[in-house]
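With the hints as constraints, model all of the structure from the sequences given.
Letter by letter, the chains look like this.
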Amino acid sequence: MSELSEVDKTKRLFMGLGSIAIGAGIGGALAYPIFQFAVGNALKTSEGGDDKNWIELGSLSEFEEGKPTAKKITIEIRDGWVKSSSDETIWVVKKGDTFLTFTATCPHLGCKVNWVPERSEYFCPCHNSAFEVTGERKPGAASARGLDSLEHRVANGKLEVVFQKFKNLLPTKEVFS
Amino acid sequence: MASPAIPQFNGTLGKIYDWVDERAGISEIMHELLDEPIPGGTKYAYAFGSALLFIFALQSITGVFLAMYYVPSAEDAHKSVEYIMKEVPFGAFMRGMHHYGSSAMVIMVVLHILQIVIWGAYKQKRELLWLVGAGLFQLVLAFSLSGYLLPWDMKAYYGTVVTVGIASEVPILGDLIKRIIIGGTEMGTITISRFFMVHVFLLPALTAGGIAAHLYLFRKALPAGPFNMTEQEAMFKVEPFWPGQVFKDAVFSLVVFAILAYMSWSTLAPLEPKADPSQTQYVARPEWYFLFLFQLLKYFPGSTAIIGSLVIPGIVMAVITFLPFLDRNPERHPLKRPFVMLGTVALLAAIGTLHLLAKRDDAQNFAAQIKAQEEEGARFLKEPFEPKDTSRKALVAAAPAPEAFVKNCAVCHGENGEGGPAGPKLVGIAKKENRSKEDIVGLIENPSAYGASKMPPMPQVSATDRVAIADWVHSLK
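Sequence order for the protein chains is A and B.
Start counting the first sequence at 32; every next residue gets the next number (our numbering).
Start counting the second sequence at 29; every next residue gets the next number (our numbering).
Don't read these hints as lab results, they were simulated from the structure.
No residue lacks a Cβ here, since even glycine has one placed at the ideal position from N, Cα and C.
It is possible that some hints are incorrect.
Stated by the list, open to error - With a straight-line Cα cutoff of 27 Å, these simulated DSS-like cross-link-like pairs (lysine-lysine) come out:
| id | chain 1 | residue 1 | chain 2 | residue 2 |
| --- | --- | --- | --- | --- |
| 1 | B | K465 | B | K505 |
| 2 | A | K42 | B | K71 |
| 3 | A | K114 | B | K107 |
| 4 | B | K410 | B | K505 |
| 5 | B | K416 | A | K75 |
| 6 | A | K204 | A | K126 |
| 7 | A | K114 | B | K505 |
| 8 | A | K114 | B | K114 |
| 9 | A | K40 | B | K265 |
| 10 | B | K421 | B | K302 |
| 11 | B | K421 | A | K196 |
| 12 | B | K459 | A | K114 |
| 13 | B | K421 | A | K83 |
| 14 | B | K416 | A | K196 |
| 15 | A | K75 | B | K107 |
| 16 | B | K459 | A | K75 |
To be verified - Quick look at which bits of chain B chain A covers, simulated, 3 or more residues with Cβ under 8 Å:
| id | stretch |
| --- | --- |
| 17 | 99–110 |
| 18 | 119–128 |
| 19 | 265–274 |
| 20 | 278–286 |
What the hints assert, rightly or not - Part of the chain B face toward chain A, derived, beta carbon under 8 Å:
| id | residue |
| --- | --- |
| 21 | M96 |
| 22 | E115 |
| 23 | R207 |
| 24 | Y317 |
| 25 | D417 |
| 26 | R420 |
| 27 | K421 |
| 28 | N462 |
Next comes the structure, spelled out in structure tokens:
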């Protein structure tokens, strides 16, 4: 490389920095659209407005006093380019004239809780969170809050709920949508 | 190793650099990559190869990200591409870059080959370098063919039907080859899945290996330099790759990038309605750079078809591939190589002529249909996105068609309004402009007043029936 032609140092510096600048410019110009593309619609909050979507759980007579009943509901979800149906379980407890309705999703990390009659508790098998029949967290539960209750009403002799998802881990209930 | 390409740092930065360099050998790599001597000096004419590498990188990046949303199945491929185009932020831009990038790749590979041919740069022990290059050229074409099917729209479907048909012209093994390409006898999910695997995994891997071999052999052979200088003269004017040639390559790549980005912003990459094997009016055309091959087929009817589809293109590809073995004269000046230069010009002229003849034929015979297809494609892209509905609600069967529809409309529009050879589909018509129930009632009586001049007027349908038909048609989703 000793017989390199004598090139003006400034010119070489310009071409070197120029090449790096062009490379960085193209990279930068691509980075923004790619980032937006990759994030996609992940941060879009679901539409639907203020209209509450009441989902029927069954006739009032189906529920026994004080005994948690699992009810499967079908919700409509938007999954990218597909509109589809998905099933969720709701725990319903009758207390006199009133009802308690909980989602079966553990507020800790999102596993599903089951009712264990022997111990009279909802139990999450993932990290051993236990909840009272009323949904309150039992001492020592990994979850920071009790089970998430859902808004419900009685219409035409049927129990109905509004299904929602909530954020994990927090000590208070916050909607995740 | 004093080299202008190796960064020089002082103080702490210099110490850090030295520490890394002693362990990673950066200086050595930089010297290897960037100090390559270019006989006769740097030139923009040498930028095509680097630009090809640049476009390949762009295609890889945009392709990897498109794969985040694309689903290779007959059921979802088209919908997922439509989702990319209409719903994903910058989706149309990303697909545009990939779509126009494929054209840029073909243009650039041709320019690269032409430069090498004109400069006679395939001579002097560069046979292997050229052979690997010829292989890469064919990989570029394979990329284009395999990618064409993936959106699963009308042109993708029919374009691939024709390509696969050509493959089946191979004597004796034709049927077998066709079955293996399609994955059976029906084009569908298995076909898309195969093309996807080839396009996204196999070809990129082969291409990456090919590029590595091509670059290695290029560095081994050294650049050929100008054709009008002796080797001594060229070595006297030698310049290193960095920074002069790198800068020229970067400027050229920037121009290519700017053009691609502008096109992707200003013009949506085409996407037609979903593939429909029952459509008989569709005029299938390949991507523009294969149009000359398509035209060539027309001159070989019946049993001679294989001459136009496989024999002639095969011979031309073989001549290109083995050029360094056929042209053994060490002379490099283009004006002193009349045979190769005239052959090149003749080939380009033949390709250009066939291309223009194909265009002229279409303008004379299919102008209206091709225009209608383009308009249909543009209309489809403007339609708001409607998700595919697989929810249990949607599975509840739609009401049966009213009798008047079955009697008067189903012949052309299909029994369930799905469209047929002579009439467009009516499913989803409620979403279109100027197609309210009242419009449809009026349209049945006087189609041309509602822009449906191809449809015959239906005065025999009573007013009550017209309303029933409009109600039912509007319920189709």
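We went through each hint and held it up to the structure:
no.: 1; hint: K465/B - K505/B; in the structure: 15 Å, holds
no.: 2; hint: K42/A - K71/B; in the structure: 15 Å, holds
no.: 3; hint: K114/A - K107/B; in the structure: 12 Å, holds
no.: 4; hint: K410/B - K505/B; in the structure: 18 Å, holds
no.: 5; hint: K416/B - K75/A; in the structure: 19 Å, holds
no.: 6; hint: K204/A - K126/A; in the structure: 22 Å, holds
no.: 7; hint: K114/A - K505/B; in the structure: 13 Å, holds
no.: 8; hint: K114/A - K114/B; in the structure: 16 Å, holds
no.: 9; hint: K40/A - K265/B; in the structure: 17 Å, holds
no.: 10; hint: K421/B - K302/B; in the structure: 24 Å, holds
no.: 11; hint: K421/B - K196/A; in the structure: 22 Å, holds
no.: 12; hint: K459/B - K114/A; in the structure: 18 Å, holds
no.: 13; hint: K421/B - K83/A; in the structure: 18 Å, holds
no.: 14; hint: K416/B - K196/A; in the structure: 24 Å, holds
no.: 15; hint: K75/A - K107/B; in the structure: 20 Å, holds
no.: 16; hint: K459/B - K75/A; in the structure: 24 Å, holds
no.: 17; hint: 99–110; in the structure: holds (count 4)
no.: 18; hint: 119–128; in the structure: holds (count 3)
no.: 19; hint: 265–274; in the structure: holds (count 8)
no.: 20; hint: 278–286; in the structure: holds (count 5)
no.: 21; hint: M96; in the structure: 6 Å, holds
no.: 22; hint: E115; in the structure: 7 Å, holds
no.: 23; hint: R207; in the structure: 31 Å, violated
no.: 24; hint: Y317; in the structure: 25 Å, violated
no.: 25; hint: D417; in the structure: 5 Å, holds
no.: 26; hint: R420; in the structure: 4 Å, holds
no.: 27; hint: K421; in the structure: 7 Å, holds
no.: 28; hint: N462; in the structure: 26 Å, violated
The structure fails hints 23, 24, 28 (numbered hints given earlier, in ascending order).
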